[in-house]
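For this one, chain R is given, so just place chain E on it according to the hints.
For the record, the sequence lines run as chains R and E. Mapping of the first sequence onto the numbering used here: residues 1 to 550, in sequence order. Mapping of the second sequence onto the numbering used here: residues 1 to 550, in sequence order.
Derived by calculation from the structure, the hints in this document are not laboratory data. Note that the coordinates shown come from a computational prediction; the quantities given were computed from them, not determined experimentally. One or more of the hints may lead you astray.
Pairs count within a copy or across copies, as identical chains cannot be separated in the list.
[As the list claims (entries may be wrong)] Simulated crosslink set (DSS-like; lysine-lysine; CA at most 27 Å straight-line):
#, residue 1, residue 2
1, Lys-197, Lys-396
2, Lys-319, Lys-346
3, Lys-259, Lys-396
4, Lys-129, Lys-315
5, Lys-315, Lys-112
6, Lys-454, Lys-478
7, Lys-457, Lys-319
There are 2 protein chains.
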Amino acid sequence: MSWPRIASSSLKQPGRSINSYIRKKGSVGEGTPAAGDCYLTHIRDFSTTNNLTQHGLGTINQTNLGSRGIRVAPQYQFPSSAAERILEDSDSDSVYENVRLAGLKPTGPNEKPRIVVLGTGWAACRLLKGLDTNIYDAVCISPRNHMVFTPLLASTCVGTLEFRSVAEPVTQIQSALASSPNSYFYLASCIGIDMEKHEVFCEAVGNVGQSQEPYRFTVSYDKLVIATGSEPLTFNINGVKENAYFLREVTHAQEIRRKILLNLMLAENPGLPEEERKRLLHCVVIGGGPTGVEFSGELSDFIMRDVRERFSHVKDDVKVTVIEANEILSSFDIGLREYATRHLTKNGVQLMRGIVKEVHNKKIVLNDGTEVPYGLLVWSTGVGPSQLVKSFDVPKSPGGRIGVDEWLRVPSVEDVYALGDCAGFLEQTGRPVLPALAQVAERQGKFLVELINKIGKENGGKAYSARGIPMGDPFVYKHIGSMASVGRFKALVDLRESKDAKGVSLAGFTSWLIWRSAYLTRVVSWRNRFYVAVNWATTLVFGRDNSRIG
Amino acid sequence: MSWPRIASSSLKQPGRSINSYIRKKGSVGEGTPAAGDCYLTHIRDFSTTNNLTQHGLGTINQTNLGSRGIRVAPQYQFPSSAAERILEDSDSDSVYENVRLAGLKPTGPNEKPRIVVLGTGWAACRLLKGLDTNIYDAVCISPRNHMVFTPLLASTCVGTLEFRSVAEPVTQIQSALASSPNSYFYLASCIGIDMEKHEVFCEAVGNVGQSQEPYRFTVSYDKLVIATGSEPLTFNINGVKENAYFLREVTHAQEIRRKILLNLMLAENPGLPEEERKRLLHCVVIGGGPTGVEFSGELSDFIMRDVRERFSHVKDDVKVTVIEANEILSSFDIGLREYATRHLTKNGVQLMRGIVKEVHNKKIVLNDGTEVPYGLLVWSTGVGPSQLVKSFDVPKSPGGRIGVDEWLRVPSVEDVYALGDCAGFLEQTGRPVLPALAQVAERQGKFLVELINKIGKENGGKAYSARGIPMGDPFVYKHIGSMASVGRFKALVDLRESKDAKGVSLAGFTSWLIWRSAYLTRVVSWRNRFYVAVNWATTLVFGRDNSRIG
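The following block holds chain R by itself, in its conformation from the complex:
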């Protein structure tokens, strides 16, 4: 057994500062540990118990916990109260009950292999959708129970689409998670992985159990797929996290929507100074990539069509400004960029060159000292590796993502794959890191699920059993094209394979039709396809909805 044994007396020594370790039930002094039934205790420091780290098991601190160990994200600090209790009364078995770390044990020889998928984004969901559940049991772990149809998220902010229309429950995408006896969806965050023991450490969302502490558990895997995505880049600029809205989750879109409607209504308050009214009604978008452009396009469309009629007292003071350090839509064809610039400017969107220096409560300050007062600030300057990914102690790709080979494997460990925004090709593969796009993630999900199904069919599904199986063709990404909407009935479609290639580019109503139909056919379920169509039709007939709920 690989669980460390600690004499209980050592726990009582004053002056120690062991942070935490994980051990098996009964491992204190005597008794046989039961498989998969482990207990978590907390002590004040890790340094005096190096014997604990030999199994690559890391929780809490940032020490590298063995050759194939992966560190737990540093923001997850186990609380110290349990440690205090144990230090006071480490002989009482009942105390350990409170901090037991239960979980899903490794699969037995007569059970199906278990694939654990971290995340519910494009990559994870595409993979789950195609998984052969006759071969595998699946466990999906994510703090979000639905996939977000991100390309349509900007439309929900202004009420063109309902929020529910762009969210698809993961149990609808892969029904085995809900109905199969050994498949599960866990609403939890991954806080660490023991890649040698093939075990994931999780923290449940919300408050369960007897204690006030977060509920933690472990899940053993035969195959692990890491698809935990990325985090928005803030470049360490002060005030961004506190004051800006991101646009990556449905909750973000809901918050933006509430803020827009709130500001429109507050601006009507009688006696408000003109300056303050204008501030409230100034929407600033930082970043001129597809998300920033789509959001400002939707917003200007909303202002031109709906605000004029429904908030007529303040309509002339509503302004949208996009601030970009370089040029907008820099990955698009020059003709399309010019088209987008013309179209947005015509619709009242101000395009501004600038670099943000700091963000305050009601204004941003640019590098050249310009102050820009705002009522709403949306931040979309791209994404980078998450805290969790940064904490993983595996070789990284250029840019700090989890490094993978051509088959999306994490080559330094066995049975671990990574894909989507959190993964990038290792430098030695000679391939470039792919852009953080839904298109890439979706294609990788499709590739990997076929590979994993193939491995399973050839009896390589269990842990450490895929070694001799040929991998087949590696993953090759072929860029189909880029699309961005720039407002009502107008979109850009760039069908070139890369930035420097020649190819077809379209702008205008035809592209908008392509954009809408391409997205419509990709919305995962028929329920949501139907709803999106109904939403679009309703918006055309009745205008947007502007009730402010919550």
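Chain E only, in chain R's frame:
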């Protein structure tokens, strides 16, 4: 001019404790006050400045501020920082700028009379919908910008209906609020009324203006309609407000939905003790009135149909319990009550007699000592007067509502009307206080808007100018019938005029059809009628949606 004058020297006297008063610009020492442009300052006590109260102007404290004055709700305390600043430097005019209380001035002789409506519930919205905007300018003041279609709210909790389908923006109900130059909707709470000066004191929702304090303003009225509704009764039971969910706003339904889905998912966490899993999955409803019964009916239907399939690992532990001190649906016909009891019990809803003594984080304690662990607690034991209504110093109806006469006027003051849940007939009218029902509020709104339109046509729209105008027939309430859904395809319809009368009662599928179609035709806009129909159809075809957003 009715604004009090105060010598600035008195402000500086130490030992004073004047809480606040309102005075005109320039009234400190010299200068002519500008009409409608008033300033708020704060001093430590009210008692030494009784001359301030002669005009019935009340802010902050609980003193009765004149014969027709209405007190400000005690929970609205003006912050003391402005007072401190003034006490330190009361000669500087710039200090007063920070605490100016601007607002809508009284209407001029060439302007249309202004009707101010407080609230966006059934009564207020029905009234606004019918208002003749050729005669009146309308100002609606409410912390909520939409009407909630309350009878369908229970359905949104479990995903049968979308949230947006049961909310209707008030500017859609009365478009003049958005488009007419002198009509407005203000997202604000009323915090006090000066009924002699015909002025409403408001506090904006959210943070506007330079200071961190809430933005306050005044609105003068020619006619005032109070329709601010009621508050849930908690009987001063400890822990209700902290732990229970109410079901009165769309945000409440959203919170309940999130909690149900969260608990269903948390209950799947591996290793959770059985007791804790059962607690998480126990939904307790306090109160067996129509709301409680409809909610538990929807919930049991959701469990029977959707949970079994989508959360199959935990389906057997989900339970719904309704706790009621007397009998469920006590206002309904005995046959219907028995039908409801049978139907709910058959669908797994446990009906329990009991009186709640106290509410804890994860359990409630009944009067007989029984402890009931819960994962979700919904509280629907009826409603009572709000804090704001309690703070008004006008004669009350039995039960503490704002007392009105047969024409829904507040008879002790001029140009003030009250209706819906916040109003009740004065005892001297010899009429009973009507139940807090949408039906009553909607009927009263219809009655009152016709009366107010009539008064306007006869040139009585302006303040103090309706005296000689005959009122016409008083308001008479005729109960059409009560309806309650008890789950899928089953509803109760009680068409008796009163509890003791004879009449038609229906239960079952026919009533469900009546219930659905009656509600469908009452949803205010065609947009929402369409959406509700689409939601119902989609639920029938695809099942309920169970993504958990936020």
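Verification of the supplied hints:
{"no.": "1", "hint": "Lys-197 with Lys-396", "result": "within (21 Å within a copy, 72 Å between copies)"}
{"no.": "2", "hint": "Lys-319 with Lys-346", "result": "within (13 Å within a copy, 58 Å between copies)"}
{"no.": "3", "hint": "Lys-259 with Lys-396", "result": "neither (39 Å within a copy, 39 Å between copies)"}
{"no.": "4", "hint": "Lys-129 with Lys-315", "result": "between (46 Å within a copy, 23 Å between copies)"}
{"no.": "5", "hint": "Lys-315 with Lys-112", "result": "between (61 Å within a copy, 23 Å between copies)"}
{"no.": "6", "hint": "Lys-454 with Lys-478", "result": "within (22 Å within a copy, 72 Å between copies)"}
{"no.": "7", "hint": "Lys-457 with Lys-319", "result": "neither (58 Å within a copy, 41 Å between copies)"}
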